[in-house]
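With the hints as extra help, turn the sequences into a complete structure.
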Amino acid sequence: MRLCFLVEEHYRHDGMPNEVIRQLTAWGHRVDVVRPGGSLLRMTEAVDAGAHDAWVLKTVSGGPGLTLLEAAAAAGTTTVNDARSIRGVRDKALAAALGRGRGLPLPPTYAVARPELLREIPAAEYPLVVKPSDGSSGRAVHLVSSPERLESLLPVLAGEGLLIAQPYVPNSGTDIKVYAVGGELFATERCSPLHPDPSVRERRVPLSAEVAAIAAQVGAVYGLDLYGVDVLLGPDGPVVVDVNDFPSFRQVPDAAARVARAVLELARAGGCAQPPAPVPAPPLPYPLPLSIPAQVSAVGGDGA
Numbered sequence: 001m002r003l004c005f006l007v008e009e010h011y012r013h014d015g016m017p018n019e020v021i022r023q024l025t026a027w028g029h030r031v032d033v034v035r036p037g038g039s040l041l042r043m044t045e046a047v048d049a050g051a052h053d054a055w056v057l058k059t060v061s062g063g064p065g066l067t068l069l070e071a072a073a074a075a076g077t078t079t080v081n082d083a084r085s086i087r088g089v090r091d092k093a094l095a096a097a098l099g100r101g102r103g104l105p106l107p108p109t110y111a112v113a114r115p116e117l118l119r120e121i122p123a124a125e126y127p128l129v130v131k132p133s134d135g136s137s138g139r140a141v142h143l144v145s146s147p148e149r150l151e152s153l154l155p156v157l158a159g160e161g162l163l164i165a166q167p168y169v170p171n172s173g174t175d176i177k178v179y180a181v182g183g184e185l186f187a188t189e190r191c192s193p194l195h196p197d198p199s200v201r202e203r204r205v206p207l208s209a210e211v212a213a214i215a216a217q218v219g220a221v222y223g224l225d226l227y228g229v230d231v232l233l234g235p236d237g238p239v240v241v242d243v244n245d246f247p248s249f250r251q252v253p254d255a256a257a258r259v260a261r262a263v264l265e266l267a268r269a270g271g272c273a274q275p276p277a278p279v280p281a282p283p284l285p286y287p288l289p290l291s292i293p294a295q296v297s298a299v300g301g302d303g304a
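The UniProt record's numbering applies: residue 1 is where the sequence shown begins, and numbers increase by one.
If you're looking for bench data, these hints aren't it; they were derived computationally from the structure. Backbone N, C-alpha and C define an ideal beta-carbon position, used for all residues, glycine too. One or more of the hints may lead you astray.
[What the hints assert, rightly or not] So the derived label-pair ranges between C-beta atoms look like this:
(1) 197 <-> 13: 25 to 33 Å
(2) 76 <-> 120: 43 to 51 Å
(3) 14 <-> 158: 28 to 36 Å
(4) 108 <-> 158: 22 to 30 Å
(5) 15 <-> 62: 31 to 39 Å
(6) 10 <-> 270: 27 to 35 Å
(7) 234 <-> 197: 14 to 22 Å
(8) 153 <-> 50: 44 to 52 Å
Quick look at the structure:
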């Protein structure tokens, strides 16, 4: 197969996706790498319909990569993930509206185009978590303890574009990151970006049936196949606080091979595989059945 990976400069030297690209190349597939943030793009000629079996996006939110992926999708090329689905989670304000409206346990979310409008949020909602709607990798995430603290942060928040604010969910200082790849879910525990603690190391943990069901529902709601879900275990149960397309897949065993196989399967299936279905959690790791539509054939084997 011939694949095109859109890789932002931020991920130029990262294991994900470089190890996936090396694995696909070792299996005999051709992989072209485009760096949309570091190249002059002739947009009227950037997409050659039929030149690739699929395009894969690994870029920062707000970068030019998603625009190029959407151009490829408009030309009829398969994209991983679906370009519209990526747009739906990279805009955190839109993701909150979609997810909450479809039954996901997300916190109430406010959105403002200017930071001073955050003053209108009732004091009873504090503390707040405030972050850019197009943020990624923990950029510009602030825990705002009070309206007075908000006033001091307004100059810092200026220029961040659309912002979202959510009531803080009390937690233990760690969150659960669930990775979905190739019909499987893997859970890790890690330090919350709001409570940095160098002594807390990311580690794989068993995945409860409740969190597994939520993670699978996230894939169905947003139409994602390769994704990550950040979950806090709050006093009223699990709460989804972020969704990422094509995350790092840290701590996932044989991550490069698993992701490479998933990319090939999605490319062959036209990008229409469905997300994993929730099941009770046996010992790690464990497969979750991937339901393939009748008109699509599942692809197995070693990815060759």
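Status of each hint after checking the structure:
| no. | hint | in the structure |
| --- | --- | --- |
| 1 | 197 <-> 13: 25 to 33 Å | holds, 26 Å |
| 2 | 76 <-> 120: 43 to 51 Å | holds, 45 Å |
| 3 | 14 <-> 158: 28 to 36 Å | holds, 30 Å |
| 4 | 108 <-> 158: 22 to 30 Å | holds, 24 Å |
| 5 | 15 <-> 62: 31 to 39 Å | violated, 23 Å |
| 6 | 10 <-> 270: 27 to 35 Å | holds, 29 Å |
| 7 | 234 <-> 197: 14 to 22 Å | holds, 19 Å |
| 8 | 153 <-> 50: 44 to 52 Å | holds, 50 Å |
Figure legend: structure checked against the earlier numbered hints; the only hint not met is number 5.
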